[in-house]
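Full structure from sequences and hints, please.
Line by line, the protein sequences are chains A and B. Residue numbers for the first sequence follow my numbering, so the first one is 1 and each next one is one higher. Residue numbers for the second sequence follow my numbering, so the first one is 1 and each next one is one higher.
This list has only true hints and no planted wrong ones.
For the chain B half of the interface with chain A, some residues (derived, Cβ under 7 Å), not all of them:
{"no.": "1", "residue": "D203"}
{"no.": "2", "residue": "E237"}
{"no.": "3", "residue": "T239"}
Mimicking SDA-like on lysine to any residue, the simulated pairs with C-alpha atoms at most 25 Å apart in a straight line are:
{"no.": "4", "chain 1": "A", "residue 1": "K140", "chain 2": "A", "residue 2": "E277"}
{"no.": "5", "chain 1": "A", "residue 1": "K495", "chain 2": "B", "residue 2": "R268"}
{"no.": "6", "chain 1": "A", "residue 1": "K205", "chain 2": "B", "residue 2": "I234"}
{"no.": "7", "chain 1": "A", "residue 1": "K204", "chain 2": "B", "residue 2": "G279"}
{"no.": "8", "chain 1": "A", "residue 1": "K205", "chain 2": "B", "residue 2": "A330"}
{"no.": "9", "chain 1": "A", "residue 1": "K128", "chain 2": "A", "residue 2": "E176"}
{"no.": "10", "chain 1": "A", "residue 1": "K516", "chain 2": "A", "residue 2": "S312"}
{"no.": "11", "chain 1": "A", "residue 1": "K204", "chain 2": "B", "residue 2": "V240"}
{"no.": "12", "chain 1": "A", "residue 1": "K204", "chain 2": "B", "residue 2": "A330"}
{"no.": "13", "chain 1": "A", "residue 1": "K204", "chain 2": "B", "residue 2": "W319"}
{"no.": "14", "chain 1": "A", "residue 1": "K415", "chain 2": "A", "residue 2": "P434"}
{"no.": "15", "chain 1": "A", "residue 1": "K545", "chain 2": "A", "residue 2": "V241"}
{"no.": "16", "chain 1": "A", "residue 1": "K204", "chain 2": "A", "residue 2": "I467"}
Covered stretches of chain A, as calculated for chain B (at least 3 residues, CB under 8 Å):
{"no.": "17", "stretch": "67-76"}
{"no.": "18", "stretch": "114-123"}
{"no.": "19", "stretch": "197-207"}
{"no.": "20", "stretch": "334-341"}
{"no.": "21", "stretch": "356-363"}
For the record, the hints were derived by calculation from the structure and aren't laboratory data. The model shown is predicted, which means the values in this text are computed figures rather than measured ones. Even glycine gets a Cβ: it sits at the ideal position worked out from N, Cα and C.
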Amino acid sequence: MKQFPLPSSLKVVPGTERAQAAYPYYMQFAPEDDQRFWFYNSMHFPEPMCAFDSVTGEAAYCALGAANTRVHCLPTTKGIDERLINGRVYIGGVGVTDPEEVRERTDEFMRRAFHYYENWESLYAQWKQKMRALIEDAQKLPRPHLPKYEPLAHVHAGKGIASNHDLLDVYQQTLEGYFRMWHHHFEFLLLGYGAYMTFFAFCKKAFPEISDQTIARMVAGMEAEIFRPDEELRRLARCAVQLGVEAPFQDGVSAEQILATLREMGGAGEQWLAELETSRNPWFNVNVGDGFYHYHRSWNDDLTLPFSALPSYIRQIRAGENLDRPLEQLVAERAQLIADYRELLATDEDRAAFDQMIQLAHRVFPYVEGHKFYCEHWYTNLFFNKIREFGALLRDHGFFSREDDVFHLTHYELKSAIIDLMQSWSAGSPPRGPSHWPAIVAERRAAIAEWARHDTPPALGPVPEIIDDPAIVMLWGITRESLDAWLEADSDEPKRDIKGFAASRGIVEGTARVVKSAEEISRLRDGDVLVCQVTNPTWSPVFRKIAAAVSDIGGSMSHAAIVAREYGLPAVVGTGNATRRIRDGQRVRVDGDRGLVTLLD
Amino acid sequence: MTAICWFKDVSLADRPAVGGKGASLGELTRAGIAVPPGFVVSTAAFDRFIEVVENSAAVRARVEALDADDLEAIQKCSADIQGAMLAHSLPEALRAPLREAHAALFAGGAIGPVAVRSSATAEDSAEASFAGLQDTLLWILDFVALERALLQCWASLYSVPSISYRRKRGMPEAQVSMAVVVQQMVDARTAGVLFTRSPTTGDRSVVVIEGAWGLGSAVVSGEVTPDRFVVAKITGEITVRDIRDKHVMHVPVPAGGTHEVPTPEEQRQVACLDDGQLGQLRDLGRRIERHYGCPQDIEWAFNGSGALLVLQSRPETVWAARDAAPVSRAQDNPLHHLMSVFGGKR
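So, in structure tokens, the structure goes:
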């Protein structure tokens with residue numbers, strides 16, 4: 001019987017012990033953790049976590065667990081425990097096995113979750129208002145700043161509380177807002193996935209050989225927010241052509257240069273810039289990653305990526321191509337697909353059940369698709385940028401040399417550094433931080449780089465007999481079968497085939513471009529096979545160029561899968577390790593029907 | 001009923017006169033499906049022939065008197081009857097229209113190869129397994145051979161296995177008759193079977209295609225391990241491509257008949273169907289299934305010029321018998337479906 005290693009056998013990489021100790025005590029593995037099953041959350045955290053970024057895990061699991069355990073009371077599962085070692089996030093579910101407790105929780109679930117389902121539309125509308133308000137609150141927070149003297153106006157108004165306190169206030173509100181955002185994130189999420197999984201399970205029973213992607217296509221919404229950023233780019237390309245200002249948009253010209261040229265043009269150029277502003281707010285708040293790491297910057301932070309897509313869009317429009325998404329056609333195709341499968345069902349009872357389940361899935365799925373833009377993109381972007389402002393302030397006061405160094409402090413440590421600065425400002429004496437933090441930051445930066453060089457086991461501890469935790473199955477796609485595959489992969493010789501989820505149909509051969517970050521996107525040439533860890537809305541424009549997509553992470557509802565299906569490209573997602581096994585420039589065959597990538601040389 | 005029935009004039013309702021296979025080919029022809037052209041020598045012709053044979057030797061009464069367990073007697077009876085049948089030639093009243101139809105099948109031009117396939121009739125329930133007991137003769141090149149093949153098909157109704165089968169089931173001999181299909185023969189480049197419902201899982205949303213190089217007889221008889229493909233019926237996704245070592249193939253013999261030869265080395269491990277052909281087969285399966293209103297098992301062939309032809313279609317029977325219970329039923333409150341995922345189901 002194959003086994004995953006026990007947590008206690010997983011050692012901290014020598015020389016990084018102090019960096020490991022920086023993570024809060026409740027994230028460190030303890031001896032009793034050997035009794036439980038843990039898996040590496042490579043889906044959300046594929047890279048070692050900087051000390052500060054680990055706040056994402058704790059805020060997210062606080063909220064996920066609350067929703068499951070105490071708010072909706074999922075009958076058979078509670079929340080998620082999290083541990084961090086060598087920068088890697090391991091998580092474990094907490095199941096409910098006592099039949100009496102399951103019964104009690106079932107009654108609670110029906111009183112709570114059913115209320116959400118029954119009032120889904122109005123609660124979701126309310127949710128969007130709450131999120132917008134939360135975002136506005138975050139946007140209102142001032143840039144942290146320490147004046148030489150308290151502004152005279154404050155003094156004359158008798159404000160009484162001095163500016164150094166604002167630092168603490170803004171920091172605490174920033175942190176607190178982030179925790180709140182995650183509660184909103186999980187308010188509907190499991191319920192939304194649950195309706196999808198219910199329909200999914202029915203389809204698998206009725207049609208044992210149906211592919212996951214076909215079920216996903218029946219459920220997928222057409223007007224999801226994830227398509228918006230790319231649609232805005234196409235809108236801007238059209239604007240440029242209509243306004244006759246397309247000349248500055250040339251491949252290889254930087255965004256800054258293009259912007260400068262447009263400003264000089266005045267008139268139509270200024271008009272286009274105004275259009276750009278309406279698109280940027282909010283649709284350029286998409287991160288180049290999943291938004292879980294501070295270095296997942298947004299289009300707004302760096303216009304390189306959206307601007308690099310504009311010249312080819314403009315060329316296509318001038319060549320008379322219609323870049324609009326054929327929405328009506330997509331809606332009709334989905335309706336036809338549903339009708340065709342419905343017709344194949346054996347009995348009228350099945351058709352009646354099918355109708356109920358697909359209707360429910362269609363009602364709730366817009367949340368599953370839409371929340372990411374508000375939460376993982378827009379809000380996390382605001383959050384990390386606010387922390388970055390603290391980084392700049394501390395840098396200016398000599399705490400470290402770069403603003404991003406702030407992310408090597410935990411959120412507790414950052415609070416202490418801010419209080420150190422507050423005291424120094426008030427005392428009129430130098431802060432202690434500049435002699436304390438630089439060495440620690442250097443040590444932790446080195447540890448992150450070192451950890452990134454080490455592979456980590458996909459799972460730890462005893463293999464569970466069955467995985468019936470709906471949260472883990474829904475969010476991470478982990479099943480007993482996938483664990484067996486991991487155990488298998490562990491021992492295997494290098495093979496020519498890489499297995500993943502068949503996310504979008506078709507078979508294509510091409511040259512692999514292993515793209516590890518958004519900056520490398522420009523290396524993609526027409527007809528290349530994109531090989532990446534994960535994609536998100538930022539990457540949508542490249543799907544016009546590539547012949548196929550392969551990702552390490554994601555399931556049939558992941559961004560890469562959805563966009564590939566829309567563009568009719570083969571895609572294999574959730575391979576686990578394609579970016580490590582495929583060489584840049586290697587010939588590969590992508591079989592999107594079977595979820596297989598074959599190395600051809 | 002006339003002795004010769006052209007496919008275009010035959011439908012499922014004519015089953016008693018033309019047998020299951022003949023009726024199905026007629027039905028498909030009339031539905032506009034590409035079937036190699038042909039006609040059926042009806043049961044009326046068989047019955048007339050048997051009458052002639054009965055004048056010199058008892059046939060039906062003798063078979064009906066047999067004990068199902070008396071193999072020796074069955075063997076003796078089979079040899080006598082088959083000997084008597086093959087000793088006769090076709091009555092002129094049958095030979096003339098057969099010759100005429102044979103010529104018409106090739107529009108008065110050069111006679112090409114035909115397949116001669118038995119299409120027996122009996123009680124409906126027994127037909128599927130009964131049909132397989134009689135002969136099919138392939139690559140028949142001229143009229144003399146056709147006449148011989150027809151007699152041989154008829155005689156195969158009195159083979160030992162065929163008689164034993166009927167006696168074990170106590171089938172009345174008066175109801176047993178045989179039509180014979182005569183149709184242009186496809187020199188198949190690739191041929192095989194298409195199931196419009198997965199034989200392994202019963203899934204109606206996929207078609208399963210098995211095929212090999214050469215004539216379909218190699219696949220149907222199980223003498224070659226065919227390539228196997230699973231194609232989603234609605235979306236066309238190809239989810240399984242199992243390419244096997246197709247070590248032998250059935251091909252025509254120039255002098256008539258067919259034989260088994262080793263598959264050329266360079267073809268053995270190569271897929272016998274490309275994606276376009278798989279798509280054509282999927283479309284064909286959907287069309288035939290729609291026409292009949294239930295899943296079908298279909299024999300097909302691609303000829304040398306790439307045209308897809310249907311050789312036979314039968315209703316699927318194994319899974320049809322298990323379809324009674326629905327997977328799920330509508331709930332008074334649709335939300336109760338969710339409990340199948342969230343657990344705690346009561």
